[in-house]
Amino acid sequence: MTATILPTRRPDGFSARPRGRRGSPLTPWLFLTPYLVLFTVFVIVPVVFGMWISLHAWDFTLPRRPFVGFDNYAKLFDPSSSTFEPFWASMRATGIFTVLSVPPLLIIPLAIALIMRANFPGRNLFRAIYFAPYVLGVAVVAVLWRYLLDNNIGLVNYYLGQLGLPDDIAWTTSTPGAWVALVWVTVWWTLGFNAVIYLAALQDIPAELYEAAKVDGASAWSQFIHVTLPGLRPILSFIAVITLIASANMFGQSYLMTQGAPGRETRTAIYQITETGLRGFRMGDASAMSFVLTFVLVILSAIVFIAFRQKREERA
Amino acid sequence: MTQTQSTARRRLFSIAAGTATAALVLAGCGTSGDLDVGGEFTGTYDGPDIELDYWNGFTGGDGPFMQEMVDRFNEEHDNITVVSNTIPWGDFYQALPAALTAGEGPDVAVMHLDQLASFAARQLLLPLDDLTDQLGLSADDFTEEVWSAAEYDGARYGIPLDVHSLAMYYNTEHFEAAGIDEVPTDAESFRAALDALQEAGYDTPFWMPSRWPSHLMNLTLQWQFGGSPYGDAGEEAQFDSEAGLEALAWQRSIIEDGYSPADVAIDTQYVAFKNGETSITWDGIWQINDLEASGLPYAAAPVPTIGDSPAVWANSHNFVIPTQRTSDENSVNAARVFVAWMSEQSGTWAGSGMIPARDSVRSSGVLDDTTQGAIAEQIESMRFLPPVPGIGAVQAETLEIAVADGVLGTRTPDAAMTEATRSANQLLEENRATFGE
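Sequence order for the protein chains is A and B.
All residue numbers for the first sequence refer to full-length UniProt numbering, where the first residue is 1 and numbers rise by one.
All residue numbers for the second sequence refer to full-length UniProt numbering, where the first residue is 1 and numbers rise by one.
With the rest of the complex left out, here is chain A (with noise of 0.2 Å):
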């Protein structure tokens, strides 16, 4: 797998391809059009005007829209303005978050997919079980959720209540317990997706390498160690990658679960931008918001891809 996603590059920027190259070299070009225009469209030219809006007091209904250059981004780094306790407080939420629901997501598939792997009766039952909550829209999730975790009228204070445990855990408006509550909705909704993934790659992994690992004489827990979490690596940090992403983009679930209680304390980035810019129709400042914070992410991204690479140097 590694060999194949890592193509020898020429300096002239083509892959190197011993046969001859055939018909016009607009061809590829005229296959990636469509792909490209949607991309400009949707994409490039987004981003480059919001660029522009995050220099302007932005009220799209207004038709005074002037340019401030980068007060707004300044606003964001001084304590005294209106924009940056919120906009810290809701990046320190969307932190919390990330470093919270991060590692259950990347263990807790990657344990269901190992079980799913196995041979049982009614595997198939097993992994439509697991995967269901994921097809839920995120508002079904968290108002379902938001009802059954209800610290006075919830079923999950009186269950606990009824097992002898303590039953006065506020899940939806007190902290650590919002967090807790938040990601273990998140987990619960989403650990099929990655289980999946993680189940492909390990269908992925020969069986060859088990067996001869149990001529060798290892024990299930080695070959977990020497086989499969090798074979795994470079899914790894696709999972860790797009997981670190949906984590920190997280809206849905403290919108509409928590409104960000208590207080803003679970208001994420997210959160605040969309009530910055389309509750206070206060675009410019709001789009100064997500490319601090997409800025923040493109170098979380980086480190993570950095960590992996010398992982694999290191084997090497």
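What the hints contain is simulated information worked out from the structure, not anything from laboratory work.
Just so you know, even glycine gets a beta-carbon here, dropped at the ideal spot from N, CA and C.
You can take every hint at face value.
Just some of the chain A residues that point at chain B, by a computed CB distance under 7 Å:
no.	residue
1	Thr61
2	Ser82
3	Asp150
4	Asn151
5	Ile153
6	Ala170
7	Gly263
8	Arg279
9	Gly280
No farther apart than 20 Å at their CA atoms in a straight line, the calculated lysine to aspartate or glutamate pairs in the DMTMM-like style are these:
no.	chain 1	residue 1	chain 2	residue 2
10	A	Lys75	B	Glu429
11	A	Lys75	B	Glu430
12	B	Lys274	B	Asp290
Following the hints, position chain B against chain A.
Frame of chain A, contents of chain B only:
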């Protein structure tokens, strides 16, 4: 790793793009249309057949009533067909400006009094002064605050349909069991009622919500304690005044004194009231039809005067005619006919649980034997937010959060209100710059 990298990069771009795309779609469409469409209004519409888009947010027990009234209007008018589009209020105020600037907005709409100034300042509404002349509507038929808050910059933008306030709902069975004969009207009798209810076995008789409608309760209490949350004309937030702190401290004391469980999440207190788990709740009169349908033994009374003088938070639904590029004389005139007809029928609207805005309609007997009749008598003590552009968004970002923190006990009333006041004033200041006052 090239594949993975490019996937990730694509995802990263799309994040930035998400916000920006929305902005692009919304902003690419220019600003509102010509404000002078419509011309002289004659009171009737005899143009070609026309279809009017009518937006409102009546998603509760009030919705079916509005639809009935629209159906009747359509029956009575051969050449006008009104098509309703009901959007929850929360989304309504987000969607309407976007739709209007894109030229996809409605021909006529209903919005709250405290939103009128924001929309008028954005030049999204058509002045309706000629319509009030035509209808013979004048200030003396309306409560002063309702009438004047629909004006912005010397022009009238809304025709008030109703007023609606907070009310105190109570479970009549619980009151009977606790031996409460007189509905509490002040701080003392309210506490006495709570104590009596507790003694009768209702351990938590008054659940204090942390979010909606908690900030409406807080505003009510601030006014009762003599405060002026936004100054006299909405020029300055004063949540941290003595009245503001007292209001929040009283809300918190309900929890600390054991009348309410802690950490009551949004909507929970209302669900609990409907289930008979709590005996009293303060909520809007728009809940009346929902409570009727639930079969709960309940009654409604004015919110007791906890502070020094009676006051209660209120709001009003107003008809507006938005401006947009597609507006022509026909649609505007047909919309005026619709608004005029609706205003004249506001007595029927009382069936939705609301209180008609016009004195003449209120005194005509439409409120006799209605649940909200008792609350309508309190109309003189109803208080409205000042007509300041952008005040709704300011409040959502400041007072609502401070009240939530104070009620949950995560911050002291003083700390919460001081911070909220500071940022509210900052936002009000920025709004003044935005709207060019």
